[in-house]
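Student: Each protein sequence line maps, in turn, to chains A and B. Residues 1352 to 1456 (the numbering used here) are what the first sequence spells out, left to right. Residues 22 to 196 (the numbering used here) are what the second sequence spells out, left to right.
Don't take each hint at face value.
Claimed, not checked - Where chain A lies over chain B, by a calculated footprint (3+ residues, C-beta under 8 Å):
id	stretch
1	39–48
2	61–69
3	131–137
4	170–179
Unchecked claim - Output of the computed footprint for chain A on chain B, the stretches with three or more beta carbons under 8 Å from beta carbons of chain A:
id	stretch
5	25–31
6	72–81
7	85–96
8	116–124
9	147–157
10	182–188
Worth flagging that the hints you see were computed from the coordinates, not collected in a lab. Every residue, glycine too, gets a C-beta built ideally from N, C-alpha and C.
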Amino acid sequence: MMISANLNTYLIIAAVLLIIGLYGMIQHRSLIGMLISSEFILNGAALNFMAFNRFVAPNPAVGQIYALFIMGIAAAEAAIVVSIIIAVYRKYQNEDPENLQDMKM
Amino acid sequence: MIVFEYIAEALFYALVCLTFTGGIVAVRAKMLMHAVLGLAATLFGVAGLYFHLGSPFLAMMQILIYVGAVCIIIVLGVMLGNTPDQLAAKNLTGRNLLLALLACFTAFISLFAAVISRTEFTSATEHVGDMSIEFVGESLLLQYCLAFELISVILLTAILGAIILARGGREGKTS
């Protein structure tokens, strides 16, 4: 049996993506780095949805629609985070997350 | 026929390698621009995996939305960011780095064990529709109309919020 036609393979790849995102979230000390890591986590989730869609689900449209939904969420999230970074940069002249301790801009 | 299967299998390995390499580059990079490049490589790899999962439409969307839009937005954010040496000095080192690696490794092992010793997922006996774009579009507009409308509203709200957040204070102390 081909390894690319196996549900477990995709689940493990998605788990690795999740862990890479988690590690990047801890490792990076900048808002952009954290944003990049969160994209990894979202991709792992979408890959899981697609894998279950292909191998388990009775309706093959559901997983694709969910993955599209996740893509839309990720795009909205990226736009919001970048505009927050612009606002933070204007206020503090750098983008160190340590500065963001109060909500007041 | 069998030759094509082997080619597809080899491509699958290549895509997995691309995905993981991009991920490692993204989290270990000293410069944020390299991290964005790693992210783009990973997104291409995941698009190829979607192709393997039988959905060329989603692979195209992945390249269009993630690589085309999200990465460009992030690059825009990077251009406002730190100089490279500042970033490198601030990343974790020594004992903290070891602890982070250990925590992530433990989490991965527990997930891996959960996948290996899983409950048996049984494939559905009867399928409706297929993986085609026509069926996805039809479902999106009829059965899953709510998801379609919700994502529209989310994107509209995000655009408005981004504009308000980013342009506040351009004319001095207006906000």
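Student: Evaluate each hint against the coordinates.
Tutor: How the hints compare with the structure:
no.	hint	result
1	39–48	holds (count 6)
2	61–69	holds (count 3)
3	131–137	holds (count 4)
4	170–179	holds (count 6)
5	25–31	holds (count 3)
6	72–81	holds (count 6)
7	85–96	holds (count 6)
8	116–124	holds (count 4)
9	147–157	holds (count 8)
10	182–188	holds (count 5)
When the structure is compared with the earlier hints, no violation turns up for any of them.
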